[in-house]
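Chemist: The lines below spell out each chain.
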Amino acid sequence: QKEVEQNSGPLSVPEGAIASLNCTYSDRVSQSFFWYRQYSGKSPELIMSIYSNGDKEDGRFTAQLNKASQYVSLLIRDSQPSDSATYLCAPGLGYALNFGKGTSLLVTP
Amino acid sequence: DAGVIQSPRHEVTEMGQEVTLRCKPISGHDYLFWYRQTMMRGLELLIYFNNNVPIDDSGMPEDRFSAKMPNASFSTLKIQPSEPRDSAVYFCASSPPGSGGQGDTQYFGPGTRLTVL
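Listed in order, the protein sequences are those of chains R and Z. So for the first sequence, the working numbering puts the first residue at 1; every next one is plus one. So for the second sequence, the working numbering puts the first residue at 1; every next one is plus one.
Incorrect hints may appear among the rest.
[Stated by the list, open to error] Lysine-lysine pairs mimicking DSS-like chemistry, simulated, CA-CA at most 25 Å apart:
id, chain 1, residue 1, chain 2, residue 2
1, R, 101, R, 42
2, Z, 68, Z, 24
3, R, 42, Z, 24
4, Z, 24, Z, 78
5, R, 56, R, 67
6, Z, 78, R, 42
These aren't lab readings, by the way, just hints derived from the structure by calculation. From a predicted model like this one, the values you see are computed outputs, not experimental measurements.
Using the sequences and the hints, build the whole thing.
Modeler: Here it is, written out as structure tokens:
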């Protein structure tokens with residue numbers, strides 16, 4: 001099993017702060033990387049994808065990828081209580097995904 | 001579009017019984033994935049299909065599990081006989097053509113919560 005490591009949390013941040021979520025992976029073959037958000041009792045939904053080293057920004061979300069270090073992160077700026085969820089890191093393995101166990105984020109008003 | 005449809009949404013059964021989970025992918029999608037999610041193991045890929053053909057079933061835990069996709073609009077995941085350790089949420093997801101099945105276009109269904117007593 002290819003390892004995908006995430007801090008399980010919970011990560012607690014105040015409303016308006018920046019939330020930083022980190023992920024390391026073991027399979028150097030992975031070329032695509034995804035962040036999914038999962039609300040309690042709901043199904044995962046894609047929020048970000050990144051394929052090249054560096055940063056990718058989409059609204060309040062920024063994904064960062066460093067393939068040499070096998071590290072991918074997600075920054076959420078101006079965090080809102082509605083961002084409270086579990087965030088799953090998922091390196092691609094061919095046509096499949098290898099999900100981490102997720103980091104629970106709690107944004108407090 | 002109705003999205004990925006799964007049934008039943010909840011299933012409670014007794015150990016040893018057969019369980020069948022159903023999935024209808026989004027119309028026109030040619031990749032279908034079955035996942036299982038537990039607190040201990042997280043979200044695991046069990047099997048995926050492309051154009052109704054199983055491509056990788058290496059995640060299927062054991063012979064008690066089987067999956068079929070008889071046509072482009074329907075797939076089943078069967079557990080026979082079921083055991084308490086099979087209790088989990090089972091998700092189905094689909095991807096459209098041209099995506100290569102890449103994760104950025106996987107659309108998840110609402111899941112089936114299975115409890116085996």
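Chemist: Confirm or reject each hint.
Modeler: Tested hints:
{"no.": "1", "hint": "R/101 <-> R/42", "in the structure": "15 Å, holds"}
{"no.": "2", "hint": "Z/68 <-> Z/24", "in the structure": "12 Å, holds"}
{"no.": "3", "hint": "R/42 <-> Z/24", "in the structure": "18 Å, holds"}
{"no.": "4", "hint": "Z/24 <-> Z/78", "in the structure": "15 Å, holds"}
{"no.": "5", "hint": "R/56 <-> R/67", "in the structure": "14 Å, holds"}
{"no.": "6", "hint": "Z/78 <-> R/42", "in the structure": "22 Å, holds"}
Violated hints: none; the structure is consistent with every hint.
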